[in-house]
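**Student:** In order, the protein sequences belong to chains A and B. Going by the numbering used here, 225 is the number at position 225 of the first sequence; the sequence numbering is gapless. Going by the numbering used here, 9 is the number at position 9 of the second sequence; the sequence numbering is gapless.
If you are wondering where the hints come from, they were derived from the structure by calculation, not from laboratory data. Don't take every hint at face value.
To be verified - Looking from chain A toward chain B, a few residues come up when the C-beta cut is under 7 Å (computed):
no., residue
1, 39
2, 46
3, 47
4, 51
5, 84
6, 96
7, 117
8, 118
9, 351
10, 353
11, 354
Ideal placement from N, C-alpha and C gives every residue a C-beta, glycine not left out.
Number of protein chains: 2
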Amino acid sequence: MVFNKVEGNVTAARGFSAAGIHCGIKKNKKDLALIYSEVPAKAAGTFTKNRFQAAPVIVSRENLQNGKARAVICNSGNANACSGEQGLQDARRMAALTAEMLSIDPGEVVVSSTGVIGQYLPMEIVDAGIRQVTKSLSPQGGPDAAEAIMTTDLISKEVAYEVQIGGETVTVGGIAKGSGMIHPNMATMLAFITTDCAISTELLQKALKYTVDRSYNLITVDGDTSTNDMAVMLANGLAGNAEITSENQDYQRFVEVLQRVNTELSQKIVRDGEGATKFLEVRIEHAASFLDGKTLAMGILDSNLVKTAFFGEDANWGRIVSAMGQTDVEFYPERVNIWLGDLQVTKDGQGLHFDEDHAKEILKHKDITIRVDLGMGEETVTAWGSDLSYEYVTINASYRS
Amino acid sequence: MVFNKVEGNVTAARGFSAAGIHCGIKKNKKDLALIYSEVPAKAAGTFTKNRFQAAPVIVSRENLQNGKARAVICNSGNANACSGEQGLQDARRMAALTAEMLSIDPGEVVVSSTGVIGQYLPMEIVDAGIRQVTKSLSPQGGPDAAEAIMTTDLISKEVAYEVQIGGETVTVGGIAKGSGMIHPNMATMLAFITTDCAISTELLQKALKYTVDRSYNLITVDGDTSTNDMAVMLANGLAGNAEITSENQDYQRFVEVLQRVNTELSQKIVRDGEGATKFLEVRIEHAASFLDGKTLAMGILDSNLVKTAFFGEDANWGRIVSAMGQTDVEFYPERVNIWLGDLQVTKDGQGLHFDEDHAKEILKHKDITIRVDLGMGEETVTAWGSDLSYEYVTINASYRS
Numbered sequence: 001m002v003f004n005k006v007e008g009n010v011t012a013a014r015g016f017s018a019a020g021i022h023c024g025i026k027k028n029k030k031d032l033a034l035i036y037s038e039v040p041a042k043a044a045g046t047f048t049k050n051r052f053q054a055a056p057v058i059v060s061r062e063n064l065q066n067g068k069a070r071a072v073i074c075n076s077g078n079a080n081a082c083s084g085e086q087g088l089q090d091a092r093r094m095a096a097l098t099a100e101m102l103s104i105d106p107g108e109v110v111v112s113s114t115g116v117i118g119q120y121l122p123m124e125i126v127d128a129g130i131r132q133v134t135k136s137l138s139p140q141g142g143p144d145a146a147e148a149i150m151t152t153d154l155i156s157k158e159v160a161y162e163v164q165i166g167g168e169t170v171t172v173g174g175i176a177k178g179s180g181m182i183h184p185n186m187a188t189m190l191a192f193i194t195t196d197c198a199i200s201t202e203l204l205q206k207a208l209k210y211t212v213d214r215s216y217n218l219i220t221v222d223g224d225t226s227t228n229d230m231a232v233m234l235a236n237g238l239a240g241n242a243e244i245t246s247e248n249q250d251y252q253r254f255v256e257v258l259q260r261v262n263t264e265l266s267q268k269i270v271r272d273g274e275g276a277t278k279f280l281e282v283r284i285e286h287a288a289s290f291l292d293g294k295t296l297a298m299g300i301l302d303s304n305l306v307k308t309a310f311f312g313e314d315a316n317w318g319r320i321v322s323a324m325g326q327t328d329v330e331f332y333p334e335r336v337n338i339w340l341g342d343l344q345v346t347k348d349g350q351g352l353h354f355d356e357d358h359a360k361e362i363l364k365h366k367d368i369t370i371r372v373d374l375g376m377g378e379e380t381v382t383a384w385g386s387d388l389s390y391e392y393v394t395i396n397a398s399y400r401s
Numbered sequence: 001m002v003f004n005k006v007e008g009n010v011t012a013a014r015g016f017s018a019a020g021i022h023c024g025i026k027k028n029k030k031d032l033a034l035i036y037s038e039v040p041a042k043a044a045g046t047f048t049k050n051r052f053q054a055a056p057v058i059v060s061r062e063n064l065q066n067g068k069a070r071a072v073i074c075n076s077g078n079a080n081a082c083s084g085e086q087g088l089q090d091a092r093r094m095a096a097l098t099a100e101m102l103s104i105d106p107g108e109v110v111v112s113s114t115g116v117i118g119q120y121l122p123m124e125i126v127d128a129g130i131r132q133v134t135k136s137l138s139p140q141g142g143p144d145a146a147e148a149i150m151t152t153d154l155i156s157k158e159v160a161y162e163v164q165i166g167g168e169t170v171t172v173g174g175i176a177k178g179s180g181m182i183h184p185n186m187a188t189m190l191a192f193i194t195t196d197c198a199i200s201t202e203l204l205q206k207a208l209k210y211t212v213d214r215s216y217n218l219i220t221v222d223g224d225t226s227t228n229d230m231a232v233m234l235a236n237g238l239a240g241n242a243e244i245t246s247e248n249q250d251y252q253r254f255v256e257v258l259q260r261v262n263t264e265l266s267q268k269i270v271r272d273g274e275g276a277t278k279f280l281e282v283r284i285e286h287a288a289s290f291l292d293g294k295t296l297a298m299g300i301l302d303s304n305l306v307k308t309a310f311f312g313e314d315a316n317w318g319r320i321v322s323a324m325g326q327t328d329v330e331f332y333p334e335r336v337n338i339w340l341g342d343l344q345v346t347k348d349g350q351g352l353h354f355d356e357d358h359a360k361e362i363l364k365h366k367d368i369t370i371r372v373d374l375g376m377g378e379e380t381v382t383a384w385g386s387d388l389s390y391e392y393v394t395i396n397a398s399y400r401s
């Protein structure tokens, strides 16, 4: 099928505007973002599984229960997490004031925060900021919003695609932030996606969940362990396509374009990893299940020693098999074949005598694909990650005795 | 009860000798160790759970099935892992030749290897080495053996204790090696313990397993995921105590002294972490189970962001709660209390306003205790780890936006 990549982000789809301002939570960077749909919209969300749920996560879950939302208010610089009853009051206040200023229902507002944990929001500053940001909405405000949700990100992340659905041009666009940290147990991952596609709440939620599991949850900086993570989507139906209410071809198209948007945003997060010099794609082939493939791919990409080996451009497949072997996935080592790029380095679980020069050539590139064939089932899972920077490698890359 | 710490290691107990030589697997460091009991001995072992099991692990499992062993032959510099049928033959050859030289049964020899994965052992060199090391045995050979099993370790690790059991002086001593790497998914952890205590094979195995779970498996460099890990113990009964055949007071004493030996050896491994500037003790109190406590303690100690916070001497308890929340342990955040040293920083899952100067004082020390009260059950679990060195912190410690 054909997608058309287009300029823009959360305001690319019809009827959406956005804004991003500096209200004073951070010293001088933008720290308050707003996304708004001029008409009522269906909404869906996926949230962190961390046992410590930040106040905005709790409030946004509540507000999305009816499957509707028109606005997303998000601050950076303070996570409003581990902030107790006061934090919940503050998150509700953010929704209420945003709703008041936009003349919508507080239940139509998604609240999001990212930043330092365990501090109360400076609500006077936030209040003034919300009054200002709600007056700054514009169809050109997407880039400002993308910038205002950044924490340690070095670059803002936005993407938009067009696709034909039911004879109409449907646009899906989004912004995201991830951490610049390489091992961000704590780094919030936020993604806000908008579309003018007409689709039922149930299928919107299903499509979002499916594509999030295959994008943000397949990168080592997926942050699905943070206290504040959320991926939220608004669909206002202004494209005029017949509402998608069954898993027909229109639905498949919608899922595919949404997957593209989420995959590109998640890859931008990985490429923004501080100190990263490599973009690693791990493809697990012939896995018995998606979960098996995901667990193995993430196990490889989360291994500091695998990361340091790639930084050192060292074809150390031993660290790859060990990272696989330490997961709880059942597989047969003697069936495992591994390729770096087009070079097979492991056959039937044992090392091959390969051309070191060829390996060096492959490892010199910024983008490297690690392909692992398990010989178990029919599932293929692809995940992405980065290497570890020199400073850390000076300690680890010399594992030779 | 009273232990007496004594000089020595695997040769501290009656009837044991050892040797460590340079045979040529490594360029110039010692790389072949031997431990030997002059009389038949009971033996027990615990091995890596990695799905890729190195050849020596497979062979040693076989040889320990009858609960007897008199010798441990261990090379460093080559792990003999992912080496297929050839690797198994080489490991068996190491046992056979060692047995031949010592005039014992090949089944009485434990084989161990640590080093690079996926390369065949240089057997001519190893053969010559075994002929030499078996002629170098001496009651003073322990330190050489401790040195010969090192890989990236900076210092060798040995300890020995005496305790009165059944009216006799029983000695338990050991040597260990861990990785110098901070996050050693791949670093082999080896521990060899000897004792002259008379004890049944069943109880020896039980005592070893129990104490290993509470020592080597409670440090972040536990390496229980490596392809080659093993903790092996020989007990030759020369102390002359009545053989321990039930879980009586003698058994309890034996377990306690063995726990002390294994805990000290495992702590030495942590303190040897390259670049480590802090020795972190995490104590989880009132956990619902040992496993819950272990999972939370290790989750905190394995978090790169917790480690970098302590390197930066930053009382960032938010990273601790997030590391806890991302585990699969069920607990109530609103019950969680956390102390750094004697300073409570978290009460009922929320931050406390604490004396920053007092916190700085505590965080300045090399040894820091993090105490977490879950308010769930009666289990207390203590684990140990290190911080992350400056080079890595330059990327991570500034997580403030």
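**Student:** Checking each numbered hint in turn, tell me which of them this model violates, lowest number first.
**Tutor:** 1, 2, 3, 6, 10, 11
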